[in-house]
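One letter stands for each residue in the lines below.
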Amino acid sequence: MSSTILPTHLLGRLCFLFAIILFEYMYCFRGRTTIPGHLKLFGIVTDTYGQIPLFAFFVFIGFGHRRLKTHLEEIPFSLGLFVGHLLCIAVVLAINFLAAQSGLFWSSFDPSSYIKSAVYLLGTALLILACLPLRSWIVAIRSTGFLSLYAAVAGVAGWLLGTSVTSLWRATSTVESGMMQRTTLYAVGAVLRHFLPDLIVDPATFMIGTPRYLVIIAGGCSGVEGLGLVLIFTSFWLWFFRKEIRFPQALLLIPCALGCSWLLNIVRLCALVLIENAGGTEIATVGFHVQAGWIAFILITLLFSMATLKIPWLRKSSSVVSGVATDAQGCGIDNGTDAASELSEERGESPAIRAYMVPFLSILAASFVSKAASGYFEWLYPLRFVAAAVALWYFRPELKKLNWRFGWAAPLAGVAVFLVWIAPTLWSHHFAISRLGPALAALPLADRWTWIAFRVAAAVVTVPVAEELAFRGYLARRLMSRDFDSIPFTGLTALSIALSSIAFGLMHGQQWLVGILAGLAYAFALRWRGRIGDAVLAHAISNLLLAVWVLGFGDWAQW
Amino acid sequence: MARKFLKYTLILVGMVLCTCVAANALVFRGPYKSTPEIDSGMAVSAFTLLAGSIAVLRVRRKK
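Line order of the protein sequences matches chains U and C. The numbering used here numbers the first residue of the first sequence as 21 and each following residue consecutively. The numbering used here numbers the first residue of the second sequence as -15 and each following residue consecutively.
Any given hint might turn out to be false.
[Unchecked claim] Estimated spans, in silico, between C-beta atoms of each pair: (1) U:Ala514 / C:Ile38: 25 to 31 Å; (2) C:Arg44 / U:Arg202: 47 to 53 Å; (3) U:Leu323 / C:Arg44: 20 to 26 Å; (4) U:Arg262 / C:Arg44: 19 to 25 Å; (5) U:Leu533 / C:Arg44: 32 to 38 Å; (6) U:Trp469 / C:Ile38: 36 to 42 Å; (7) C:Ile38 / U:Leu141: 38 to 44 Å; (8) U:Ala514 / C:Val28: 20 to 26 Å; (9) C:Arg44 / U:His29: 26 to 32 Å; (10) C:Arg44 / U:Tyr47: 35 to 41 Å; (11) C:Val28 / U:Arg202: 32 to 38 Å.
In short, the hints are calculated from the structure, not lab data. Here a beta-carbon is modelled for each residue, glycine too, at the ideal position from N, C-alpha and C.
Based on the provided sequences and hints, a complete structural model is requested.
Right under this line is the structure:
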């Protein structure tokens, strides 16, 4: 079988194969990091040896992609083997389902766990051969010389190094373990002593706080996860924009970003203890604890990326490599600085992106702030509405140019999405448990209805407009071309609709599947007549009916 | 040579930390509720906000 949807060449097919394996592994072994559990490798009892193929693949693709991409012959796809693979995965999911139904969490040494792993490995082998026949594997290995061997060695080396690094923040019996925890504990203690005279610091148990509240600085709280994420982002960023950035100066930004990450984690922990000490335990543990970490990560990475793009000392000035300079001269551009900015401008986004994306980004940014200041009940939700409304008002001159008219199909699509959305609830006759209802009931009447009014207004007005502009107006067309605003909505392709709908679905957490279906429905409503008004109205109708359902039947989990 | 070594070291260290972070975030915590440091539910929102902000900030100047 040959399909234009699947990558047809060697490199693309390898990446596709790896993405599918990674996704299925995460999905089939969710909540467990290994197949089938703990094993002893190189004298180390571990549950993380799944990292070995991960490292090996990245090394193989990273260093071999130049050679692999020269193989442009079309690779066949075996549908028969793929069906066999799907059957194996179905068996694995059925075993997962039975385990969930029986309420059991299978141990690593349970025989059924080994059966599941064996079926999974068989299914993966079938997928490997379905995507790439044996002949293609031989071609890939031959064309890359000893790289496959190096990749395997690097996979094991990376895993061994990773196991050692993990001991920095996971307390074990070794003396070096918990170093990050201890350093963070002392730093937080040094700051908090200025605010809390009765501060308690216990290095033996990593506890810190006051006699009223004590916080344990666990391995993850030591800031290592933030450091890891920042290191990944900064490394990837420097590599991606290597033609625009000046080296080695730009490398200095990495330790700066890591230092900022560690310091902001200290600030986060200090604020956490202070909030708890002030009586806001629920806000500290439920909202602030997680949200503050993400806010810090976003701030650091945004500052880092802007520094590499805006600070002249970090930008290539004497022409973005000679090749670009030559090209630039050919175009009548005088010097290298102009060539660098020209390249940057060519790579930049269309100015129209602001009107399409800023309202949605405002909602996301407001949600982080709102959740950080909330416990189980997001009392600051109106901030999301206000942020989006201000952004939409600011960009109204650009937005007025869009076609906001709509037809009869839009309400029908909206009703259909609503029915699909509540179908699981109708099927099970069971409302999921939510803390929202009791929290609202505890509010004074005026506060309760003010909150509900903002919640409904956001669901029916600002969210549909902002999300349709972002996912259908921008993303679906941006996947087709950098100058997305030059593409008519009627020109959306099946692939761009599918990918933007998947992104839309993933934004809806556990309801990702229904979210994808909703995204598809809105996208087709938009594409049919090429009017953004159709998609927005369909989305607004779905949300309005859902609001009526929630308020009418008390199914608060839908909000 | 030094730059090449630095490059490869950076890649390896990045990969190691990446998978360690993922393993730490995904580690099975049993049926008990805990407050995760990296909430995977928020990860999609965080990376969308980051990617979207960078895209908006990298807008081309009008000629």
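Status of each hint after checking the structure:
1. U:Ala514 / C:Ile38: 25 to 31 Å: holds (28 Å)
2. C:Arg44 / U:Arg202: 47 to 53 Å: Holds, at about 48 Å.
3. U:Leu323 / C:Arg44: 20 to 26 Å: At 21 Å between Cβs, range holds.
4. U:Arg262 / C:Arg44: 19 to 25 Å: Check passed, 20 Å falls within 19 to 25 Å.
5. U:Leu533 / C:Arg44: 32 to 38 Å: holds (37 Å)
6. U:Trp469 / C:Ile38: 36 to 42 Å: holds (39 Å)
7. C:Ile38 / U:Leu141: 38 to 44 Å: The hinted range 38 to 44 Å holds for Ile38 of chain C and Leu141 of chain U, with Cβ atoms some 39 Å apart.
8. U:Ala514 / C:Val28: 20 to 26 Å: Because 23 Å falls inside the window, the suggested range holds.
9. C:Arg44 / U:His29: 26 to 32 Å: holds (31 Å)
10. C:Arg44 / U:Tyr47: 35 to 41 Å: holds (39 Å)
11. C:Val28 / U:Arg202: 32 to 38 Å: holds (33 Å)
Going down the numbered hints, you'll see the structure goes against none, and every one checks out.
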